[in-house]
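Undergrad: This is what each chain is made of:
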Amino acid sequence: MPRGDVLHGSRAVAEAVKLCDVDVIAAYPITPQTHIVEDLAEFVANGELDAEYVLVESEHSAMSACIGASATGVRTFTATSSQGLALMHEMLFIASGMRLPIVMANANRALSAPINIWNDQQDSMSERDCGWIQLYCETNQETLDTTIQAYRISENKKVLLPSMVCLDGFVLTHTIEPLEIPDKDAVNRFLPEFEPAVYLDPDDPMTLGAFATPADYIKFRFEQEKAMRNAIEAIEKADREYKKETGRGYGLMEEYNTKDADIIIVSMGSVVGTIKEVIDQLKGEYNVGLLKIKAFRPLPKERIKEVLKNARVVSVVEKDVSIGLGEGGLFSEIKGILYNLDERPKVLGFIIGLGGRDITQPDIRDIIKLSKKAEKDVVDEVHWIGLR
Amino acid sequence: MMQETMQVVVDTPSYIKCRQVCKANVRANRCFKFKKNLEAVSGDELFAPGHSACAGCGATVAVRLALKAAGKNTIATNATGCLEVFSTKYPETAWRVPWIHAAFETSASVASGVEAALKKLGKDVNVIAFGGDGGTVDIGFQALSGAMERGHNMTYICYDNEAYMNTGVQRSGSTPYGSSTTTSPAGSVSIGNKRPKKDMPQIIAAHGVDYVATASIAFPLDYMKKVKKAVATNGPAYVHVLAACPTGWGSASERSIEICRLAVDSGMWVLYEIDHGDARITYLPTKKVPVIEYLKTQKRFRHLKAEDVQDIQDMIDERLKRYSNEI
Chain B
1 MPRGDVLHGS RAVAEAVKLC DVDVIAAYPI TPQTHIVEDL AEFVANGELD AEYVLVESEH
61 SAMSACIGAS ATGVRTFTAT SSQGLALMHE MLFIASGMRL PIVMANANRA LSAPINIWND
121 QQDSMSERDC GWIQLYCETN QETLDTTIQA YRISENKKVL LPSMVCLDGF VLTHTIEPLE
181 IPDKDAVNRF LPEFEPAVYL DPDDPMTLGA FATPADYIKF RFEQEKAMRN AIEAIEKADR
241 EYKKETGRGY GLMEEYNTKD ADIIIVSMGS VVGTIKEVID QLKGEYNVGL LKIKAFRPLP
301 KERIKEVLKN ARVVSVVEKD VSIGLGEGGL FSEIKGILYN LDERPKVLGF IIGLGGRDIT
361 QPDIRDIIKL SKKAEKDVVD EVHWIGLR
Chain V
1001 MMQETMQVVV DTPSYIKCRQ VCKANVRANR CFKFKKNLEA VSGDELFAPG HSACAGCGAT
1061 VAVRLALKAA GKNTIATNAT GCLEVFSTKY PETAWRVPWI HAAFETSASV ASGVEAALKK
1121 LGKDVNVIAF GGDGGTVDIG FQALSGAMER GHNMTYICYD NEAYMNTGVQ RSGSTPYGSS
1181 TTTSPAGSVS IGNKRPKKDM PQIIAAHGVD YVATASIAFP LDYMKKVKKA VATNGPAYVH
1241 VLAACPTGWG SASERSIEIC RLAVDSGMWV LYEIDHGDAR ITYLPTKKVP VIEYLKTQKR
1301 FRHLKAEDVQ DIQDMIDERL KRYSNEI
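First to last, the sequence lines map onto chains B and V. Letter 22 of the first sequence, counting from 1, is numbered 22 in the numbering used here, and no numbers are missing. Letter 308 of the second sequence, counting from 1, is numbered 1308 in the numbering used here, and no numbers are missing.
Each hint should be verified, as a subset may be incorrect.
Pair ranges (Cβ atoms, derived) [what the hints assert, rightly or not]:
1. B:A215 <-> V:G1071: 45 to 55 Å
2. V:N1073 <-> B:E225: 34 to 44 Å
3. V:D1317 <-> B:E223: 54 to 64 Å
4. V:I1281 <-> B:R128: 54 to 64 Å
These are computed hints drawn from the structure, not numbers from a lab. Glycine residues also receive a C-beta, built at the ideal position from the N, C-alpha and C atoms.
Sequences are here, hints too, so could you generate the full structure?
TA: Printed below as a string of structure tokens:
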């Protein structure tokens, strides 16, 4: 039987990892991810989870140990945040290039300097090209469900790419929400035992991580992109089957009041909860919808285009910025997706909530008002919200 | 290339004195014990010929002998470097054991993950992490220290050719005093590398690692015995093997073994082991060779003046004295 509980986002991740019978965990503490690795250590210490726990000396080694363990044919997990993710940068490309289905939770946090432990999404946004599936979560329930789904998606033989489950630091990791923990049998039905495609085995020696010359390198990169395209279908399939078992599904993205909306806000992560709330409050006054991006990598470009093409204004609300371009990553990509349409909506970018700055309902109302103004008037393309 | 190294191990030229096992001063081909030990060496070639290493490459000898000692029930991890480049050019490989390479500094951390997975699977397989000196004493230092401290059941083998050879002979923390490299060139106001070599085996020993040993590719039986002990150790073990690099050392490719023997006979490199805290020198030259005999075989030392050579002689004499007292 599924059981109801009231848990922190961090605990939700740990519960999911336990349900997935992860074999090797290699992790290093960093705020605000620490509760995840502490909870897992507790599960292992109490015999609730039969896993090898490697207490590495850095995030770089955490990812390296996950690579070694995954290549030896077992299910692996790690969790990190911000500086830790940045330290892993080198190994992220290697994990995906070697096609290892590692799953990692990233507690989204701002990057130094100045040092700041609070939430934004600059850390994972800065890793968008590293070949990992990136799934952003709105609630603790979604985080738990997504972590379980991530193994199914990553281990799909047509995919074989690592997954990053992104949950907003503090906003989710340290916030208690009621949720439902699925039944172990349901998870077992949904997630079969891990069968590695290839692994290090003295009875059948393989060379993994070889050296490729210019003649071959590009082939590997192309295969990775193909696998990422396959992940779109794999995510939907996993979600459908997960829904059959638990009644809950999230899809590649979520549309909220988008049909015939004049203005569509595009965003991802926990902030979409606030946005939905404000949209409800303004019903009748403003014709606004929301497109919540769950799968940022792979980005379902065609679906996004279909949803957004008839809007007058598309406003992208995000917690990251590409310094020197002066706009957020999601904004640039949404603009790019719409560019080749004959008639396209105006696209506005809103940089908000950096370094954990509160995103309030009035902030969202201001964004909607400005978007409305942009239907007729010329307004700046990019806005920083909360500067003072 | 492989022909040459095979001669060293399989065919024993009559002029080689048996120094591998005992100190009896008889010719190797007449030494019963030496012959018996040679026969005990595995005929399995787990590191295949056909790779693209330079002629006289010491790293290939180090790996080939290590795998002979460890046997095929082994998983190898590798740091980025010459070894990985010349042995795994896609779609070919020289490795007849399962092998994995991730990044430069990750041989020990990847091996940690491999070992943890094997433990979880209940599989009893040797884990050997290979790294060059740069990947071990410099960029891979932290990951290695962590792996040793955590007590993983693995053997780390550092093949030490005393500089970053893959990228073109740049100085590493393991480059000896007075050596000229491309980033520590000897010049009118510079002796070349100004610092002595980092004493990595002692640093690892300070981690409380169960088995630590130094070795030289010129002493194959001694080296293989140490690798066997390392692999049999139930916990972390570390072997640091001196391996000539003709390209980086500016030495004749056919003299690699001879030079690695001179290193030991001169005291420039000392062969010892620390087995569960019990330290002993495994080979002491019966007649010590002046260090100049070693230095003059290599272009990297050719700029040294007589007084520099004397300084080096004094340094190694002092070190040997210290080791003799401590070990």
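Undergrad: Take a look at whether the Cβ-Cβ distance between D1317 (chain V) and E223 (chain B) falls inside 54 to 64 Å.
TA: Holds: the Cβ-Cβ distance is about 58 Å, inside 54 to 64 Å.
Undergrad: Should the hint that I1281 (chain V) and R128 (chain B) are 54 to 64 Å apart at their CB atoms be regarded as holding?
TA: holds (56 Å)
Undergrad: Take the C-beta atom of N1073 (chain V) and the C-beta atom of E225 (chain B), compute their distance, and say whether it sits inside 34 to 44 Å.
TA: holds (38 Å)
Undergrad: 45 to 55 Å was suggested as the range; check whether the CB atoms of A215 (chain B) and G1071 (chain V) agree with it.
TA: For A215 (chain B) and G1071 (chain V) the Cβ distance comes to about 35 Å; the hint is violated.
The structure is inconsistent with hint 1 alone, although it conforms to all the rest.
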